[in-house]
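With the sequences and hints as input, model every part of the structure.
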Amino acid sequence: MAIISRGFSGRRSVADAKLPPGQYLTTDFPVLSAGPTPHISLDRWEFTIDDGSNVLKRWDWKSFRELPSETITTDLHCVTRWSKLGTSWEGVSLDVLLADVKPDLPYAMFRSYGDYTTNLPVKDIINKQAWIAFKYDGADLAPEHGGPARLLVPHLYLWKSAKWVKGLTLMPHDKPGFWESLGYHIYGDPWREQRYSEE
Amino acid sequence: MTWRTATVIAVHDETATARTLALVVRDWPGHVAGQHVDVRLTAPDGYSAVRSYSIASAPSSDGRIEITVERLPNGEVSTYLTQEVVAGDELDLRGPIGGWFVWRSDQKEPIQLLAGGSGIVPLMAMLRSRSSAGSSAPFRLLYSVREPGAVFYRDELRALSNQGDSVVITYAYTRVTPKDWPRPAGRIDAPLIATGTWPSTLRPTNYICGPTSFVERATDLLISAGYDREKIKTERFGATGERK
Numbered sequence: 001m002a003i004i005s006r007g008f009s010g011r012r013s014v015a016d017a018k019l020p021p022g023q024y025l026t027t028d029f030p031v032l033s034a035g036p037t038p039h040i041s042l043d044r045w046e047f048t049i050d051d052g053s054n055v056l057k058r059w060d061w062k063s064f065r066e067l068p069s070e071t072i073t074t075d076l077h078c079v080t081r082w083s084k085l086g087t088s089w090e091g092v093s094l095d096v097l098l099a100d101v102k103p104d105l106p107y108a109m110f111r112s113y114g115d116y117t118t119n120l121p122v123k124d125i126i127n128k129q130a131w132i133a134f135k136y137d138g139a140d141l142a143p144e145h146g147g148p149a150r151l152l153v154p155h156l157y158l159w160k161s162a163k164w165v166k167g168l169t170l171m172p173h174d175k176p177g178f179w180e181s182l183g184y185h186i187y188g189d190p191w192r193e194q195r196y197s198e199e
Numbered sequence: 001m002t003w004r005t006a007t008v009i010a011v012h013d014e015t016a017t018a019r020t021l022a023l024v025v026r027d028w029p030g031h032v033a034g035q036h037v038d039v040r041l042t043a044p045d046g047y048s049a050v051r052s053y054s055i056a057s058a059p060s061s062d063g064r065i066e067i068t069v070e071r072l073p074n075g076e077v078s079t080y081l082t083q084e085v086v087a088g089d090e091l092d093l094r095g096p097i098g099g100w101f102v103w104r105s106d107q108k109e110p111i112q113l114l115a116g117g118s119g120i121v122p123l124m125a126m127l128r129s130r131s132s133a134g135s136s137a138p139f140r141l142l143y144s145v146r147e148p149g150a151v152f153y154r155d156e157l158r159a160l161s162n163q164g165d166s167v168v169i170t171y172a173y174t175r176v177t178p179k180d181w182p183r184p185a186g187r188i189d190a191p192l193i194a195t196g197t198w199p200s201t202l203r204p205t206n207y208i209c210g211p212t213s214f215v216e217r218a219t220d221l222l223i224s225a226g227y228d229r230e231k232i233k234t235e236r237f238g239a240t241g242e243r244k
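Heads up: the protein sequence lines correspond to chains Y and F, in order. In this text, residue positions in the first sequence follow the working numbering: the first is 1, and each later residue adds one. In this text, residue positions in the second sequence follow the working numbering: the first is 1, and each later residue adds one.
Quick caveat, the hints were computed from the structure, so don't treat them as lab data. Here the structure is a predicted model, which is why all the values come from computation and not from measurement. Here a beta-carbon is modelled for each residue, glycine too, at the ideal position from N, C-alpha and C. Watch out, some of these pointers could steer you wrong.
[Said to hold, decoys possible] Between beta-carbon pairs, the in silico distance windows are:
{"hint": "1", "chain 1": "Y", "residue 1": "P143", "chain 2": "F", "residue 2": "A159", "range": "37 to 43 Å"}
{"hint": "2", "chain 1": "Y", "residue 1": "I3", "chain 2": "F", "residue 2": "S224", "range": "45 to 51 Å"}
{"hint": "3", "chain 1": "Y", "residue 1": "D140", "chain 2": "F", "residue 2": "R64", "range": "47 to 53 Å"}
{"hint": "4", "chain 1": "Y", "residue 1": "L67", "chain 2": "F", "residue 2": "R203", "range": "37 to 43 Å"}
{"hint": "5", "chain 1": "Y", "residue 1": "L105", "chain 2": "F", "residue 2": "G149", "range": "56 to 62 Å"}
{"hint": "6", "chain 1": "F", "residue 1": "P182", "chain 2": "Y", "residue 2": "D189", "range": "52 to 58 Å"}
{"hint": "7", "chain 1": "F", "residue 1": "G30", "chain 2": "Y", "residue 2": "S41", "range": "34 to 40 Å"}
{"hint": "8", "chain 1": "Y", "residue 1": "S41", "chain 2": "F", "residue 2": "S213", "range": "37 to 43 Å"}
{"hint": "9", "chain 1": "Y", "residue 1": "S181", "chain 2": "F", "residue 2": "P44", "range": "36 to 42 Å"}
{"hint": "10", "chain 1": "Y", "residue 1": "D174", "chain 2": "F", "residue 2": "A159", "range": "47 to 53 Å"}
{"hint": "11", "chain 1": "F", "residue 1": "T5", "chain 2": "Y", "residue 2": "S197", "range": "20 to 26 Å"}
{"hint": "12", "chain 1": "Y", "residue 1": "W191", "chain 2": "F", "residue 2": "R64", "range": "23 to 29 Å"}
{"hint": "13", "chain 1": "F", "residue 1": "P44", "chain 2": "Y", "residue 2": "S197", "range": "47 to 53 Å"}
{"hint": "14", "chain 1": "F", "residue 1": "S132", "chain 2": "Y", "residue 2": "P121", "range": "41 to 47 Å"}
[Unchecked claim] Computed list of chain Y residues with no C-beta within reach of chain F, every gap over 12 Å:
{"hint": "15", "residue": "A34"}
{"hint": "16", "residue": "R44"}
{"hint": "17", "residue": "D51"}
{"hint": "18", "residue": "V55"}
{"hint": "19", "residue": "R65"}
{"hint": "20", "residue": "D75"}
{"hint": "21", "residue": "T80"}
{"hint": "22", "residue": "R81"}
{"hint": "23", "residue": "A99"}
{"hint": "24", "residue": "D104"}
{"hint": "25", "residue": "L105"}
{"hint": "26", "residue": "Y107"}
{"hint": "27", "residue": "G138"}
{"hint": "28", "residue": "L170"}
{"hint": "29", "residue": "P172"}
{"hint": "30", "residue": "W191"}
Printed below as a string of structure tokens:
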């Protein structure tokens, strides 16, 4: 039973109705990271897919940018409670990146420059649900927002959309990434308010 | 994670826009310096709003914690907590949350704290934790604020730096300095990092908290000065965020 806060009525807006529980609307784009922002030069950038023992696919920046890309308009939901609606991105779908890889391993660990990791079920990154994004709002993705390229998995809390992404490892079993080892939820569905590991 | 009842036992203003709330939390499990809590306000019709706030106080076993809340323009929750709440009120609270941006009293290595504005709050918990645990870990704090009147915990910080037990505090003012202050008002820069932080050869662990622009600048300066990337921990306040 919630305690009623004497004299509190809130500043709710109509737009809040579209938001997952416990979120509020913002129009700017806050930055959240656990450490320094890496500055990665495009000539040493690469993206690899491996299965834990063998590298299955590898792209450098040039070959990555030659892949077919899509524009994505989507809402973002951060576990720190802000949501931003209708953001515009350009990126390469994971469907393209995984096209020649038989995804018989059901989980993926995404890896980033700066050693960040986050885990996702493969079923959540295929079928037009996830992209490696390199433009935001029509411009090259800024380093503090994850540039040159970040994962975009907008149906989960934004910590799953790893910044500065450099690859993914396919795994037979799920295991926690960085925030998932530090008290945050293993899956992170904003509509079910899966913020913390005990929820 | 369960909601607990927190009773406000005291409030006091830190600055014209920031207020500290002392709370007693029923069945509080204890915390580590640097962690935060969620606070929930609920209107009579059931509408609720939740925000996260860093804990300012040292770990204690009596269920007492303090949070310091900076009032934001149009802040739905921060305005209420800094203007409406009085001693005796009850709030829904849960936590503690966060296991990354923390300092534990068994850490012996040199610690560099860098605070921008209200980013001082979780770092103050670390300074207080150091004192209450009797730790002799060498601490330095570089505290960047807009103007002298924006300093939180002023008297306590002065007392800490006068104890001569290796807590060294350096202030930097971005808009207005105290009278006769040697450094002109301005953002932190390389000379200030050189004089106001531990030498990088000591390999300190760095905790940086503040607005994104401050955190980005501070981390870039530290890395340029030769600090270990992997020993820099950051916590950012988004432009709208009430914490982080």
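Check each numbered hint against the structure and report the violated ones by number, ascending. 7, 8, 12, 13, 15, 21, 22
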